[in-house]
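All chains should be built: construct the whole structure from the sequences, respecting the hints.
All the letters of the sequence shown, read from the start, carry residue numbers 1 to 303 under UniProt numbering.
Because the hints were derived from the structure by calculation, they are not lab data.
We put the beta carbon where it would ideally sit given N, CA and C, even for glycine.
Mixed in with the good hints, there may be bad ones.
[To be verified] FRET-style restraints, in silico, Cβ to Cβ:
id, residue 1, residue 2, range
1, Gly178, Thr28, 41 to 51 Å
2, Ser289, Gly152, 38 to 48 Å
3, Thr79, Ser289, 29 to 39 Å
4, Gly115, Thr79, 21 to 31 Å
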Amino acid sequence: MQPSISYATPVPPPDDRLSHRRESPLPTRLARTGQLADRSRAAVLEMIYRAGSGHVGSSLSCVDIISVLRFDQMNWSATRPRSESDVFILSKGHAAPAWYASLMVGGDLGPEEVGTLRQIDSRLQGHPDRTRLDLVDLSTGALGQGLSVAVGRAQAKRLRGRGDFVYCLAGDGELQEGQIWEAVTVAGARRLANVVLVVDHNGSQNDGLLSEIMPLAGLAERFRAFEWHVQDVNGHSHLSLMDALANARDNQAQPSVVIARTRKGHLGPGRIALNGSHSATLTTEEYESAMRYLEGRRDESHP
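See below:
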């Protein structure tokens with residue numbers, strides 16, 4: 001099977017005006033984000049397959065989250081300055097292919113770049129690098145740092161009287177970092193309602209299961225103790241994600257966290273890639289099998 005980006009052919013994104021998007025019928029929005037998510041999954045698989053390395057499981061676990069944010073919820077445009085729009089920080093930087101994929105299917109990156117992931121001098125580095133790609137809002141990779149920057153940028157926007165939001169996508173493994181909880185403390189104490197943290201809670205990290213390394217028992221209660229608004233949802237349900245993110249924006253009293261329960265390597269209901277591995281290499285057989293599965297989902301909706 002000759003690798004091809006044809007399945008991830010860019011689709012014109014909806015109008016950048018967020019109100020226009022939200023006025024579309026819900027079934028239309030769900031069908032759109034569902035199709036874009038599957039095209040993103042295909043692009044993730046092809047990028048990592050052609051690179052010969054990359055974090056397949058971690059990227060696929062957050063494709064649905066990024067697709068709903070990018071194409072339905074965020075007021076984010078490749079052509080608008082971040083000082084005048086929402087900000088997206090991918091704190092779990094090793095999932096960079098998921099963000100790159102959303103840029104490809106949205107038409108902000110050309111399909112010819114699909115084969116450049118992790119190559120020397122490429123714009124698509126293994127972790128987001130803003131010095132190479134200005135469609136990245138923050139260079140990340142050292143886990144635990146993204147939320148601190150998100151809190152700082154949210155404070156700056158509030159001081160400037162902006163109504164924008166700062167979205168931060170973090171992995172559950174990086175919640176073991178002390179810096180995360182310093183940022184949580186500051187955001188809660190200062191009532192930064194324009195901060196929205198989404199936790200990709202896939203239950204595992206580089207060295208194994210969180211439950212065996214450092215459990216996150218009582219995660220929701222921990223955030224509530226720091227005066228955060230907490231929602232716990234299915235991270236692969238676009239309807240649940242849309243509702244949770246809308247609720248987060250409507251809550252003007254405190255920062256919000258959406259704990260999105262996901263599966264590493266998620267391709268669709270009952271189907272995961274590489275048995276949910278963190279960063280195993282895709283074989284040709286695994287790649288082709290996953291792409292055939294996604295081809296078969298072209299006409300499905302994703303409620």
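Verification of the supplied hints:
1. Gly178 - Thr28: 41 to 51 Å: 44 Å, holds
2. Ser289 - Gly152: 38 to 48 Å: Hint holds: Cβ distance 44 Å, inside 38 to 48 Å.
3. Thr79 - Ser289: 29 to 39 Å: Since Thr79 and Ser289 have Cβ atoms about 38 Å apart, the given range 29 to 39 Å holds.
4. Gly115 - Thr79: 21 to 31 Å: 25 Å, holds
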